Structures are given as structure tokens and as C-alpha cells.
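Hints given; two lone chains; assemble the complex.
As they're listed, the protein sequences go chains C and F.
With numbering that gives the first Met the number 0, the residue at position 323 of the first sequence is 322, and numbering never jumps.
With numbering that gives the first Met the number 0, the residue at position 65 of the second sequence is 64, and numbering never jumps.
In case anyone wonders, no lab produced these hints; they're calculated from the structure.
Honestly, I wouldn't trust all of these hints.
Label pairs and their calculated CB-CB ranges [what the hints assert, rightly or not]:
1. C:Ser292 to F:Asp221: 50 to 60 Å
2. F:Gly229 to C:Asp211: 48 to 58 Å
3. F:Ala203 to C:Glu69: 51 to 61 Å
4. C:Ser43 to F:Thr52: 33 to 43 Å
5. F:Pro40 to C:Glu69: 25 to 35 Å
6. C:Ser43 to F:Tyr1: 31 to 41 Å
7. C:Lys323 to F:Asn184: 41 to 51 Å
8. F:Asn140 to C:Glu132: 48 to 58 Å
9. C:Arg46 to F:His200: 37 to 47 Å
10. F:Tyr1 to C:Pro113: 24 to 34 Å
11. C:Pro113 to F:Asn140: 18 to 28 Å
The calculated SDA-like cross-link candidates involving lysine to any residue, where the alpha carbons are at most 25 Å apart (straight line), are [stated by the list, open to error]:
12. F:Lys32 to C:Glu181
13. C:Lys112 to F:Thr52
14. F:Lys131 to F:Leu22
15. C:Lys110 to F:Arg37
16. C:Lys45 to F:Gln10
17. C:Lys110 to F:Ala210
18. F:Lys126 to F:Ala115
19. C:Lys112 to F:Lys228
20. F:Lys228 to C:Pro335
This one's a predicted model, so the numbers in the text were calculated from it and none came from an experiment.
Note that beta-carbon positions come from the ideal geometry of N, C-alpha and C, so glycine has one too.
Here are the chains, one letter per residue:
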Amino acid sequence: MGEFSMTNETYILGIETSCDETAVAIVKNGTEVISNVVASQIDSHKRFGGVVPEIASRHHVEQITVVLEEALTESGLNWEDIHAITVTEGPGLVGALLIGVNAAKAISFAKQKPLVGVHHIAGHIYANRLEQEFDFPLLALIVSGGHTELVLMKEHGSYEVIGETRDDAAGEAYDKVARMLELPYPGGPQIDRLASEGEVTIDFPRAWLEEDSYDFSFSGLKSAVINKIHNAKQRGETLKNEDIAASFQASVVDVLSTKTLKAAKQYNVKQVIVAGGVAANNGLRTVLKEKFSSTNIPLLIPPLHLCTDNAAMIAAAGTIAYEKGARSGLDLNGNPSLLLK
Amino acid sequence: MYILAIDTSNQVLGVAIMKNDELVGEVITNVAKNHSVRLMPAIDRLMNEVNMTPDQIEKIVVAKGPGSYTGVRIGLTTAKTLAWTLNIPIVGVSSLEVLAYQGRFFESYICPFFDARRGLVFTGLYKWKENKLQLVGEECNMLFEEWLDTLVNKNEKVLFLSPDMNKHYEMIKAKLGDLAIIPENMYQIAKPSHLALAGSHYEAEDTHALAPNYLRLAEAEDKWLKAQKGKSKNA
Ligand SMILES: [Zn+2]
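Same shape as in the complex, but just chain F (with noise of 0.2 Å):
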């Protein structure tokens, strides 16, 4: 089984393809360039390099998100539309998760997050269990001190990964001291080929109702749901 593993949740854009267990190739850059523009000639050279035809694909695995909005759809879209015209399935996984299997050795908390502005992370808090990666509370969209807050009660060793360490490193050192664990930069980007792992282990959903992962509301949204509450308090 060909799989072939999209992800342009955020800076780093990966394409990799794995046939059953194996690796075949990979592609990554973490440049601040136009996911739009390069997605579908990295696939396509990609593909040239290990001689395959797109008929050849077997099953599409996209990181869904949390991350850039614009990001996520472009590569939702990408792969959603191929999955549906090449007749194939497809796997949508947390771009949270793809980054905590860096922690693939790690035995305790793995917390991976992504920058989120104005004090949030996108974050979520994992942990190997029995040879697998599991989601130990739910993913949040959070205030990143509150959410440092809760791992320091937790009292025990977290690995800390993210693209947008630089940001943070500061503030989880002054919060966790020697119980933060933060590897070198490469170890903080996320890896097409750990995203096709990842898929792999996941039945396939329904391609067109295949949604982004956004943890959070448009900002038009939220604020017509707050003008609604607003009103009815007020009525």
C-alpha cells in the first residue's frame, strides 16, 4: 500500500510517500514561502524521483490542523481532491500529533503547540503508551501561561516541541525549569514521513466531510456569538 502524506498546516512544508511500513521519500523545507504555489510540485517531483504515477497511490494522509488557517485548507483541498478523483481514501491527522511523535522515545509528557498570537497556543499534551501515542486530555486553543500553569501541577518531565520555540523558550523555562525538556530545532518540526505513520494506523473518513482542525471559531463568528449572548442578557 502506497500512502502519500500532505502537510502544509504550517511553516514546514512536507510531502512524503511510505509504502506499507517503509519510507520511501520525503520532502521538506521550513521556509516562509507560499504553500500554495509549491504543494503540488513537490508531489509531483517527488513522485518523479521514486518513478511512481499518481494512479499508483493508494491512500492520502493530510495534516489537518491546528495551525495557519490558509495553510490548512491548502492542504485539505489538495488532498481531499485527490483522494476523491483518484477513487482512494483518506486520513486527516492533528498537525499536533504529527509533532509529538518526535517524542517518539520520550517517556513522559510530550507537549507539542503551535503560536497562536496574542498569548494563545494551539496545544495538546501526549504520551507513548504500549508502543502508541496517545491523546491524554483534549487539544486546546489556550493562554499559554495558563496552560504552563496546569503541566507545572502535574509535577513531572514535559518535552516541549514547536516551530515557534524561539517565542516561548523563555517563559517555559521560567515556568518548568528542569522539568521542561527542549530538544535542538529540528527535533521542534514536524515530519511528513511521522505524519504518514500517524495515517496509517487510522481507518479512513468520509472524504468530503473531511473538515479542518481550527480549535477555534472564525473571528467573525466569535464575535456575532458574543453580540448574540450580549443581547439576550440584555433583553
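One chain only, chain C, in its complex shape (with noise of 0.2 Å):
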């Protein structure tokens, strides 16, 4: 009695440390958020205009078994439901990562559970498989503070990246940007909220590299839009904050859409995903269903709290992980570089 469930549920705890939000979640076969806790320590880095590593990984260690102790209370179940533990493995700020992996494996050891090793980008996708089924092949675009890549996906779990960017992440350049135009961190919602009042009225470069590449590179169009702000303080003319706001926002959105319909219909897919923190910016939102709409390539865009980094996304990429039969040793590190694969 007990052993044998007579469901064919399966409960997986996820853990995301990779950054600046230590996040725990339980999700339900791999689709339905049972308890998703975030504590965001955005308040402690915003005086030092960014994150900063060591800040983050002690409020992580602060906060670990906080949050844990948060979303297994609000799940309503005991550890005898829970069927492995998931955690982001990287990429991520190593010393950020190491909180939630030994927090892991500590569960792992003391509760006997299988444990998986997570891609914080495969977690990111699976973000939107909590709002609706896949359906493959699929492309993914992720745009976040650390990555912009495009990603093909023929089935769950398999992972190809057809593009990626070569210098800045789309998000840093964001970041980048709205330093040069002082505004508070984070800087992404504040450069589209001010794209939202301008009007685009320079026109910044594009960079679409060569004819058949999905790669991306933005650190051409920070340094014009760096320049052109310094070119125009020196000959004493003013730019409207919010324009140049616009005009920047164009550009890294134009190539974005662009590049993601391109590999739509080339690659035949089925759906297309939009993942990462930047999916939040409506800039990006509107154009991109814009030219989805004339297609029959349906868009998912995930709500906005499940762009932003949490554990969900993790249970919900590790539950597909953990179904095909991965598994981590309590050796398991935190990898700041690890490839999707």
C-alpha cells in the first residue's frame, strides 16, 4: 500500500538560483503550476545600478530554505509526492548557481530523490509549455538580459540553436542604453515604456549579418546610439529622451522579427515561442504578432511572470529531463557557461 500510485501524476520541485531571483516551484506533469514562489532581490542591486555577484549569492543563501519552505507549504504536499528535484545548472552567475544546486542536492540526499540538472534557457521555452501544449517542430526566440538566441526544437527536450548573438545580448544592450540615458535599473521596462511616448526619428543600424545567418549582434547598434547622443551634446542640440528611446527599440526589434519569421517558415515549425525577460517589452510583443498575424504560424508569448526568471520554468523543462531519464550525481556543479544541448 502506498508505494503504487494509482495516478499517473508526477510532482517535480524546481529551483532557480541563476541570478538575482532565488526561485522554488512545484509543477504537475510538466504543465500545471502547483506553488511558484520568486523573492526578487532587484531592491538590493538597483543602488549599484546592475547586479552585483557577490550581493546576489549572499541574499541567496539568505533566502534558500525561505523559499523553499514557501512553495512546498503552499503546494499542500509532503515529500513523499514529490517525485525528483530540479535545478538550474547554469548558465548563470557561478557563485548564484552553487546556492541552488548544493540546496539540490542537499534535498536529493536527505529526502533519497532523483535529481536533474537544468538548462536555464531549456527552462525559459518550457515557461510557455505551463500555458499551452507544444507543438513540433518549434522555434524559440530568447531574448534576455544574457542571451538572445533562436532555437529549434523537433521534440521535447532536443535542443538545436540555429542562432545566437555574437557580442551583447539583447538585454545588455538594453541595459547599456538606458544607462546612457540615466535611467534607474533595470533599464529594459524603462527604454520600452519611453519607446512607447517617442517617435522613431533616427535611424540606428541594423545588423543582419550575413544572408543565411539567425545570429545576432548588438554591440554595433549600442555604440551608434552611444555615439549619436555624444555627437549631439557636442554641437549642443538636444535629443528627446523618448526618441532615441523609440528609434533604439526599432532597431533591435525590426532585426529580432525579422530574423525569427526568416527561420519560421524556413524551418516549417509548427509554433513559435517567445522566452526570456525581454519577451516582457511590448515593443517587441506588438511587432512580433504584427507579422505572425499574416502567417498561420501560431505565437505564444508567455504572461509577464513567467518571462522573468523563476522555478516553474525549471520543474517544468526538468520534468521533460527527468521523463526521459536524465539524472545528476550529487557531484552535480554549477556550470556559468553550459551549452543547450
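Have a look at this one:
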């Protein structure tokens, strides 16, 4: 009795500490959020104008058991109900990753549960499966502070990176331009807001790269924005911040959406997924929706709380890995430059 | 009562299991290798060796620093999560205190320290009184040279204990001469069994609130606070 459950339900616990959010969640069958707790450190990093790795790690170690307890209590489940412990193995800030990884290993050991390391980007993609079932092949556009990638998936748990940034991530460019405009941290949402109030008056460059490439590059655009602001200052001209933001955003969004549409058509995908923190950007959402409305390819953009870092997405991606038989040992380590495979 | 003790706060990786007042098993290495990779397997192996299962652990004791920030956090995260998951009490012990246990039979001052770069050390001063190890004055992070000057003024023998002894031996001898007692290397290294013993004397702490003993602000925070002070002076 008790050993064999009559249901085929799988409850997976996920832990995510790759940057500045301490997050724990429990997901059922890879598709249903049972609990999802995120302790954000954004206020602690604001005064430094960006995430300070040492401070992030200090917060994680103070928060981790608090967040674990909240997620377990909120779920109403017991350890006996949980099938496996999944955790972000990388990429991310190494000191931050270590907190989640070591917490996950401690639970796995204490409760003798299987342990599965998860790629952070796989998590961002699977955030969408908490809203809608996947249809393969699918294309995922991941845009965040650390990532700009196009990933092709032919089946669950299989990831082929067909394009990625060669220099800055899109989110990084947002942060740098925001700093130039002296906007408070985090800069992305601030630029998005300003852009909606401005006009595209400046023709900033678009880095298309080679004809057949799905790679991205944003460092040239970033330099162009900086030069434009400097030159205007020297000539005593005033540019409207709203217009700079709108013009900058237009360039980023144009490249992202054009390449995504082209790849979606070339690979004949049945779904396009947008994931990562920048998926919360209104400018990007609007243009993508416009471009895909003339195709019959469904576009999935998760709700805001699933775009930013959370652990439900890790548990969702981890469920697939767990079901495919992936297991990590007690020697699992945080890997800041883990590749998506 | 079974106690599991964990120390990854400095280069030494140590795990010990104590039953009531007796040592059951102890693992210790003193090599520059990754604590994150090795800690949990070390615990797992030792538990296997002594035929114990995780649910038999009744108390966790962890070395909470000072030391390597990352090392301290690996130990603390593992210890806190084990304590919370198994629903058992936890105690954090200063890594300096653990090291000071190596001076169990020394009758004068004991000075454990860890190198903290740029001439600084994490240190404290201890003494055995009535069979108890007592901290005499606060633990601190200060210039070793200044610290040694205050020790010279006591004009008593001091036992120096540190895994970073090689780097500081000359200066200690120059400042304290024969007042400085410096034992062999194996006495300079914290033992997890001493950690278990130290922890057995302490009451349980709030698992969630247990935090590292960094003895120092994060660099960014330190700079920020200095900048704020500068601003208010100029204002
Ligand atoms: Zn992310």
C-alpha cells in the first residue's frame, strides 16, 4: 500500500538561483503550476545600477530555505509526493548557481530523490508549456539580459541553437542604453515605456550579418546610440530621450522579429515561442504579433510573470528531462557557461 | 544524538559524525579542489561507511566562516537545506573557534587566523577557562601587523593557528619572538570533529536566519557606503 500510486501524476520541484531571483516551484506533469515562489532582489541591486554577483549570492543563501518552505507549504504536498528535484545548473552567475545546486543536492540526499540539472534557457522555453501544449517542430526566440538565441526544437527535450548573439545580448544593449539615458535600473522596461511615448526619428543600424545567418549582433547598435548622444551634446543639440528609445527599440525589434519570421518559415515550424525577460517588452510583443498575424504560425508569448526568471519553468523543463531518464549525481556543480543541448 | 558536522569554509573540506560524546567518523582533505563538487559525495560516502541513513541525523553543525565567501556559502546552503528538509536543529560555529580547538591543552592565548588578502586577516583571540573555550574580545578583520602589535602588548605566550601560516610566519616571529608558539602543519588545520564538539555545546538556531559569518561587507557595498559618506560630507 502507498508504494504504488493509482495516478500517473508527476510532481517535480524546481529551484532557480542563476541570477538575482531566489525561486522554488512545484509543477505537476510538466504543465500545471502547483506553487511558484520568487524572492526578487531587485531592490538590493538598484543602488549599484546592476546585479552585483557577491550580493546576489549573499541574498540567495539567506533566502533559499525560506523560499523552499513557502513553495512546499503553498503546494500542500509532502515530500512523499515529490518525484524529483530539478535545479538550474547553468548558465548564470557561478556563485549564485551554487546556492541552488547545493540546496537541490541536499534535498536529493536527505529525501533520496532523483536529481536533475536543467539548462536555464530550456527553462525559459518550457515556461510556455505551462500555458499551452507544444507542437513540434517549434522555434523559440529567447531574449534576456544574458541571452539572444533562436532555438529549434523537433521534439521534447531536444534543442538546436540555430542563431545566437555574437557579442552583447539584446537585454544587455537595453541596459547599456538605459544607463546612457540615465534611466534607473533595470533599464529595459524604462526604455520600453519611453519608446512608446517617442517617435522613430533616428535611423540606427541593423546588424543583419550574413545572408543565411540567424546570428545576432547588438554591439554596433549600442555604439551608434552612444555616438549619436555624444555628437548631439557636442553640437549643443537636444535629442528627445523618448525618440532615442523608440529608434533604438525599433532597430532591436526589427532584427529580432525579421530573423524569427524567416527562420519560422524556413524550418516550417508549427509554433513560435518567445521567452526570456525581454519577452515582456511591449515593443517586441507588438511587432512580433503583427508580423505573425499574416502567417498561420501560432505565436506564443507567456504572461509576464513567466517571462522573468522563475522556478516553475525549471521544473517544467526538468520534468521532460526526468521523464527521458536524465539524472545528475551528488557531484553536480554550477556551470556558468553550460551549453544548451 | 547523531550530529553531522560540515566545514567547507576554507581550503579544508571536513565532514564528521558524532554520536553523543563520541566520534563515529571523520573525513578531511586539505587540497585546493572544488567544495561544491565534493561536499555532498563526501557526506554520502561517510554515512555509508558508518552505516547511517540521512533520517538518522539529529543535528547539523556547520562552520559559518570567516573564510572563502563561496566556500562558506556552499557549507551553509548544504547544512541549512539538510536541516530544513530533515526538520532537525542546526548550529553555526565560527570557523575561527573550530580552529582554536587545536589549542585544547594550551594555557595562554590562542590566536586562530585566516589570510584575508592585502595584509588583512580574519582573526580572534581565545583562551581555555574552566574547561571551556572562550572568545576574549571580538572576532575581527584587520591588518595583521596592527593585530600583532596588540598581542605583543599582552606580553604573554600566544599559540598561532592558521592554514595560511607560511605566508605570515616571518612577521609573527619578528614581532613576538619567543612569545609566539607555532606548531606543525597538522595543528594549523580545522578538524570537523572539533566542529561537531563545539556545536554540541550550542542551542539550535533558526534555520532560515542562520547566515554566514563574513566579517566583512561585500566590496560593492563597502564602496557604495564610502561614496555615500563622501556625498554627505560635500553637501
Ligand atoms: Zn533568465
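Results for each hint:
Under the hint 50 to 60 Å, the C-beta atoms of Ser292 (chain C) and Asp221 (chain F), about 53 Å apart, fit the expected range. Distance hint check for Gly229 (chain F) and Asp211 (chain C): the Cβ-Cβ separation is about 54 Å, which falls inside the suggested range of 48 to 58 Å. In this structure, Ala203 (chain F) and Glu69 (chain C) break the distance hint of 51 to 61 Å, their C-beta atoms being roughly 21 Å apart. With their beta carbons about 39 Å apart, Ser43 (chain C) and Thr52 (chain F) fall inside the hinted range of 33 to 43 Å.
Range check, Pro40 (chain F) to Glu69 (chain C): about 29 Å between beta-carbon atoms, so the 25 to 35 Å window is met. The hint said 31 to 41 Å for the Cβ distance between Ser43 (chain C) and Tyr1 (chain F), and at roughly 38 Å that hint holds. In this structure the hint that Lys323 (chain C) and Asn184 (chain F) lie 41 to 51 Å apart at CB holds, the actual value being about 49 Å. Asn140 (chain F) and Glu132 (chain C) have their C-beta atoms about 55 Å apart, which keeps the hinted 48 to 58 Å range intact.
Taking 37 to 47 Å as the suggested C-beta distance range, the pair Arg46 (chain C) and His200 (chain F) conforms, at roughly 40 Å. Range check, Tyr1 (chain F) to Pro113 (chain C): Cβ separation about 25 Å, and the 24 to 34 Å hint holds. Look at Pro113 (chain C) against Asn140 (chain F): about 42 Å separates their beta carbons, and that is not inside 18 to 28 Å. About 43 Å separates the Cα atoms of Lys32 (chain F) and Glu181 (chain C), which puts this hinted pair outside 25 Å; it is violated.
A hinted pair counts as satisfied when its Cα atoms are at most 25 Å apart, and Lys112 (chain C) with Thr52 (chain F) qualifies at roughly 14 Å. Restraint check for Lys131 (chain F) and Leu22 (chain F): satisfied, since their Cα atoms lie roughly 19 Å apart, inside the 25 Å limit. Only pairs whose Cα atoms come within 25 Å are accepted, and Lys110 (chain C) paired with Arg37 (chain F) is accepted, the gap being roughly 19 Å. The straight-line distance between the Cα atoms of Lys45 (chain C) and Gln10 (chain F) is roughly 34 Å, outside the 25 Å bound, and the hint therefore fails.
Note on Lys110 (chain C) and Ala210 (chain F): the hinted pairing holds, with a Cα-Cα distance of about 24 Å set against a maximum of 25 Å. Distance check on the hinted pair: Lys126 (chain F) and Ala115 (chain F) sit about 23 Å apart at the alpha-carbon level, within 25 Å; holds. Proximity of Lys112 (chain C) to Lys228 (chain F) is assessed by CA-CA distance (about 50 Å); at most 25 Å being required, the pair is judged violated. A threshold of 25 Å between alpha carbons decides the hint, and for Lys228 (chain F) with Pro335 (chain C) the separation of about 35 Å lies outside it, so the pair is violated.
Checked against the numbered hints given earlier, the structure breaks hints 3, 11, 12, 16, 19, 20 and satisfies all the rest.
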